[in-house]
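Protein chains: 2
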Amino acid sequence: MTIPSIPKGTRDFGPNEVARRNYIFNTIRQVFENYGFLPIETPAMENLSTLLGKYGEEGDKLLFKVLNSGDFIGDLPASAFISSNASALANKICEKGLRYDLTVPFARFVVQHRNEIIFPFRRYQIQPVWRADRPQKGRYREFYQCDADIIGSDSLLNEYELIQILDEVFSQLQIRVKIKINNRKILAGISEQLGCPEKITGITTAIDKIEKIGLDNVISELHEIGLSKAAVDRLQKLLQFTQQSTDEKISYMRQWLDGSELGNKGLLELETLLGYVQWDNINNIIEFDVSLARGLNYYTGTIIEVKALDAEVGSIAGGGRYDNLTGIFGLAGVSGVGISFGADRIYDVLLQLDKFPQALQQNTKIMFVNFGDSNVKYLLPYLKELRKRGIASEIYPDVAKIKKQFSYANARNIPYVAVAGEEEITKNEIVLKNMSSGNQYAIGKDKFVEHVINILKQS
Amino acid sequence: MTIPSIPKGTRDFGPNEVARRNYIFNTIRQVFENYGFLPIETPAMENLSTLLGKYGEEGDKLLFKVLNSGDFIGDLPASAFISSNASALANKICEKGLRYDLTVPFARFVVQHRNEIIFPFRRYQIQPVWRADRPQKGRYREFYQCDADIIGSDSLLNEYELIQILDEVFSQLQIRVKIKINNRKILAGISEQLGCPEKITGITTAIDKIEKIGLDNVISELHEIGLSKAAVDRLQKLLQFTQQSTDEKISYMRQWLDGSELGNKGLLELETLLGYVQWDNINNIIEFDVSLARGLNYYTGTIIEVKALDAEVGSIAGGGRYDNLTGIFGLAGVSGVGISFGADRIYDVLLQLDKFPQALQQNTKIMFVNFGDSNVKYLLPYLKELRKRGIASEIYPDVAKIKKQFSYANARNIPYVAVAGEEEITKNEIVLKNMSSGNQYAIGKDKFVEHVINILKQS
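Just so you know, the sequences run in chain order A and B.
Using my numbering, read the first sequence as starting at 1 and increasing by one per residue.
Using my numbering, read the second sequence as starting at 1 and increasing by one per residue.
Because the hints were derived from the structure by calculation, they are not lab data.
Errors might be hidden in some of the hints.
No distinction is drawn between identical chains; accordingly, a pair holds when it is met within one copy or between any pair of copies.
Derived DSBU-like pairs (lysine-lysine); straight-line CA-CA distance at most 35 Å [said to hold, decoys possible]: (1) 427 to 249; (2) 388 to 457; (3) 8 to 92; (4) 388 to 355; (5) 388 to 61; (6) 384 to 265; (7) 8 to 61; (8) 249 to 403.
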């Protein structure tokens, strides 16, 4: 027998995992809603034209493409179907792709529905995304993102509120984190100061890897993209300058960026934001990290990344400001800022730190033993009433040996079992057994439902 | 400017639609849980080998296939890429497909995880499915199914409980329905009696269309599949025999099926199930309908279909027993029975009948007007405290004209707006405005949060 399997990088979730995942989703959702964010949902499939070119060349390769239905070949000549041409060909035989993140579909949503939307628009979205990444620990091909964005306002108060949300969610989940912030304009200013503003993408891509590959390798990469030795040396000093206080970092950066208008604008934004943060009792550490770059090209201002302090899993949340994301869909001048929680990595952290609350799973509270039809008929009104009162209840469906029925209840961790044999039926009673203590006693059938509700309240 | 769009047959959901959809999902989920069902989730993508051949030839065509990543052409000769070969070729360049329903993935799940599962296993699953069907009113290419199945028990009590669930959910949603039931063994018995047991699929496929295409067209189709005139005449009498009481129908069928062991077994199952249903106060109509066939081939016993009485949308729920679904994945002898709610059609019915409860949307309750940083700093503790107490609150992010800020609150239907100008700050007060009455008054800042919570409770 070949055991069936699922595509690599995807997962099945059993009842306990679903309950734990819902605990994460519900925590995040409740905080989003308390901050005035409204939910939207978008389709799993987007037109490929919506997705292509939004995530860089690498991102395009990682899109899952959906084959056109029916005759997908049509007029394409057989000569088009050669391996070296696979990538271009894919876009001819597929016009749809699976959602790669929630930000680009959100930008598309905003442009498409701009006449119905009241700006500034605070939306949240909790849905799966798909990436054809190489699966590895903590990286899946299907995973959930939980995003909150504010679009149509360039106030830095929005960034501040998103930082409050990050702080609140991780406090509630009992995960200690460091919230790192930087500003893309500072990174642009750095490129300017190094005399190569056109190399900003290369520089940020290299810097972004500092934690993964170490400073030496970042420096090699900076040489490779054509930075002069003097520029690399200057940048190196900056990247090694990480241990000081925030005020020291900012005044150092002010000197370093002297003369770069863009760089100073970024620095001013950063200072303003850090000023807001000081108004408040933030539970977690906020750190200005000039090496923080974030891969996605659409960011133009503040960038944010969150790391768990007590677990090694990469970033568990992040975000930033994008001044022109809707511009790619034809709606210019709408600034947005957002954050995204990586629910799957948060799951792994909670598991590793043993921080999931006990008894998350909504389980059956009472099972009725089945001795046959007349017995079921006797028990039915109580089963039905308990369910109506919101007590998860079941009756064993088969007329099996009582031992088998109790084994099932035991294996399922059902705390109470109810039995009514001929004697109990004659006496208008039902026997209730506490499965953990083994205690059992008869109850008049008219008092049965109230009794069960009371003992469940107490336990 | 080209307005971006989404693939045909898919939909965006705004905040109000999400709230209404969640009302449906939560109602169904709560009933499932009260009946002891546990949630699972499976990946959106399954291996094509899991999906192909499970939904009939038509179903295979309606599967969305996901193109293999990278070089999907590989060793395939260019000559393979011809239109007439598209369908076979698709299976060579795609090894994954999108979930078409929740039943086959569930069967796959049961076989794959059979050593962790406690049988009988009561699972529910609420997830989207995708079908490359021609989009039309009430039929989408991405839609949600809400399934409950019991696997590992052949007791008819399971069917009975599923009927109770159908009755309970539609009662709670205030949709009046007719629950039609039949039994696949009766249909098999009919084919036997007509002398062509091998034609059961053709016969049931034809019968299944009676509501859509009418009796005359069904009869033509029966001739087309090669039934003799005598057989068609005999069947026609049966199909016209629909107005009698259930008891009359059953005794008529008993005569009709005389001599067919399978047919009589089906009839006995049906009678037993209808007997159970009579134990109970079912709110909705239960009807034995011998023309009910249900398209899916994997059913082997009871079949169920639910129609709304007050709206024309086709079936809004359905299900049945399958004795050997896990057999296709190598695990034989496990009988299951399940139902599926079509959330999208239920949505359309609730909308049409105006049965959605008011005020489902979780909206911001209070907005603070923003006069600039020092003003925000003054208001911040109250904003934060309200959010902590679970009151959805926001501060307008920009220092815009007060008229603009009030317009926003108005458009968003935010019921209360809080303002603190210089005067209020000096007096340690905050002004609260009721947006619907226009009333406004000052409150001492220390009493502000309790006051807001109190008036929100009253409204």
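We went through each hint and held it up to the structure:
no.	hint	verdict
1	427 to 249	neither (82 Å within a copy, 40 Å between copies)
2	388 to 457	both (16 Å within a copy, 27 Å between copies)
3	8 to 92	both (26 Å within a copy, 18 Å between copies)
4	388 to 355	both (33 Å within a copy, 21 Å between copies)
5	388 to 61	neither (52 Å within a copy, 43 Å between copies)
6	384 to 265	between (66 Å within a copy, 29 Å between copies)
7	8 to 61	both (17 Å within a copy, 24 Å between copies)
8	249 to 403	neither (71 Å within a copy, 41 Å between copies)
Hints 1, 5 and 8, counting from the list given before, are not met by this structure.
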